[in-house]
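Protein sequence lines correspond, in order, to chains A and B.
Quick note: the working numbering has the first sequence finishing at residue 333, numbered continuously throughout.
Quick note: the working numbering has the second sequence finishing at residue 431, numbered continuously throughout.
Take these hints with a grain of salt, some might be off.
Said to hold, decoys possible - Derived list of chain A stretches under chain B, where covered just means 3 residues or more per stretch with a C-beta under 8 Å from a C-beta of chain B:
{"id": "1", "region": "147 to 157"}
{"id": "2", "region": "188 to 202"}
{"id": "3", "region": "247 to 253"}
Because the hints were derived from the structure by calculation, they are not lab data.
All C-beta atoms in this analysis are idealised placements derived from N, C-alpha and C, irrespective of residue type, glycine included.
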Amino acid sequence: MTTAPLDKAIPLGRLRLGHSAVFWLGFCAVTVLLIAAPLVLPEFWRRFLTEVLIWGLLAMSSDLLIGYTGMISFGHSAFFGLGMYGAAGALLMVSPPNLWLAILLGLAGAAGAALFVAFFSTRLRDIYFAITTLIFSQIFYVIIFTWTAVTGGENGLIFTRPHLTIPLLYNARFTSTTLHWFVLAVVAGSYLILHRITQSPFGMVLQSIRENESRTRAIGYAVERYKMMSVMLSGLFAGLAGVLYAIQNEFAAPDFVYFLTSGDTVIYNVLGGIGTLVGPIVGAGFFQLARQLLAQAFGDQFPYLIPLGLVFIATIIFLPQGILGFARRWLNR
Amino acid sequence: MTEKWKEEKWAEDIWYSGKVTRRRVIGWGGGAIGAMMLVPAPWRAAFGAEKAYKIGSEQPLSGAGAAGGKTAVVGLQMAADRINKNGGINGRPVELDIVDDESSPAVARQKTEKLVQEDNIDAHVGGFLSNICLACMPVWEDAKIINMISVCLDTTLTTTHCNRYSFRTYDYAPAQAVAFAPTLTKMGKKWHIAFADYSWGQSTRDAYIAHIKENGGEVVGTTGIPLGTPDMTPFLSKISGDFDGLFGIFFGKDGVTLVTQAYDLGLTKKYKFAGDGSISESTNLIAIGNKIDGFTAINRYIPVFQGPLDTPYHHAWFNEAKERLAKIDPSGPLPDKYVQSNFEALNALKIGMEKSKFQTRADTMKLVEALEGLELKAGPDFPQGDKTIRKEDHQAFPQEFIFTVSGGTYHLIETVPGAKTVVPPACNFSA
């Protein structure tokens, strides 16, 4: 996996900025744009952008596993779904619905599922790990689909969106703009945490596992423990994405736990750029936007998956590092 | 240099007469725009410059529900064409904005948001899969847009999840159970229920357990079979014991699987065989053949000309629906309840819009009030029969048809009036 050397100075006209300065400049510029976006975008596109951020967070969470630890997971739908159902449970149980309790229960649900999956699957590698995560996600799907009394079965659960509350300070209904800012804050915060993790000694061990698991074990690292931590962290952020989706859409459905959601997540990673954290968000945005624009241009029943499939194949052949990986290489030339 | 010929005297007439000048562009452009405005749109000839009412509809046109969704659209289109042919609503034409929800709640949410915010629909008629109907309920409520549910069967849509803007102009499982239970208990006192093991199947099962018991019968056992199970034999082979009848609650291809495999195991000969009318929809009959002979069921619509369905308007509706269905399915299926309920839902909306003099979404509350308690009279708009949209929960109670199937056709044995299927409301908007 290619990453820009940390000490490399990037020329910007006469200025020579360090990699860190470029990172922060880029981060701030994108964040400012995303903060301003809901003020100029029409309602539908405002909501659309918020949803892209949520799918982006899910994709970014799986990048920790796929891109940094070298473990392809098809189980992220389970973490996303458990986060969603955890939040739904909290919002239905407590009146008035409480935002922070929803986040807490959602994270607890995803963490529980991640611990379970991690415990059994991290002893396996490569395709065996991928298949195991896929099977676990399907087990969760069947449980949620058939346990109607608790999960609502096929119909799922619908609930009311909680207020945006800061205890003793602020309490107001979410508008599409404040919801966007809230989601943006969570996604940006998650990105910074994940970025820090990948740059930390822990993250370096994960990358070492990705490059050569046997050698990492040979030099004394408890590989299984690191892999378990990686699955759990990844599952936690996927669960957070599920919580945000539940809050935005006011429903939880078993369809999100189905393995197709995991498949979409892997596609977002490949399209955007594996091992870049931001790339999967770009991939999610590209996929969702392309689908929307194709539907608008060619009609609602246009089989958008065909052109998107061709784009996906072309990306694998011609841009194996994804959109962001390609952009980064081009900028570094 | 290469165009020097244009300056030659002989070429002036040819060249300058066809030269693209700014004046000509403006002149021809203006003319073209004017002509386009004058050229009549299909409905403009009939309605002058009246702006069309935009009716949104989310339907599963791809994915698991595609076959039914396409059938549903036939009913909707039939109603819209008929409304436009007869002068529109309040003198304005109707334009359908149909979106494919891809049988996915996530996609449905995005597309219904688009219908509301980008396409600015005036009202919504649609919804086929119950989970999608439920997922989209907050969209209509938040945007304060009328939602005429047209196929979704889930009971909670008009009970625990009811909202002021959603209406259902056809029946639901509890009403069918009330209507069918007396007949079932006459057929036999002890029943075993095999059901599709998910929310619709489970809620329908519970309704039948309660009403069979109320009528002096008993459900001695139930067997849940997961949705989409291609081989039901392991489940069905365990069904045995001392009971009189087997009752099935399935739809679509699961209905076909149940009937063929229960027949092969001899269950349909050993026990009386009854169930939800969805099992014997006309689209299933071809695949099932004579294995379903003797099956007794209940449905809000069956494609026959018997009893209250032998009316001129039902004949006319049936013929047109059959003709339109043949265009999307060469096997030529007969109209089913999906065509009927979509057709009638749009017609109910039309009556409400006329009664409330609805013009824009700002008039939605007036439309809600017009639809609440609205009586829908049997006729060309409602070929299925009379029904009233109950004010308290926006649920209608149409007449129900109890029938048997034999030789590939339906035989009506009893019509239960809507008034005899009424279940107390679980929510109350009129309070």
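How the hints compare with the structure:
{"no.": "1", "hint": "147 to 157", "result": "holds (count 6)"}
{"no.": "2", "hint": "188 to 202", "result": "violated (count 0)"}
{"no.": "3", "hint": "247 to 253", "result": "holds (count 4)"}
Of the numbered hints given earlier, the model fails hint 2 alone.
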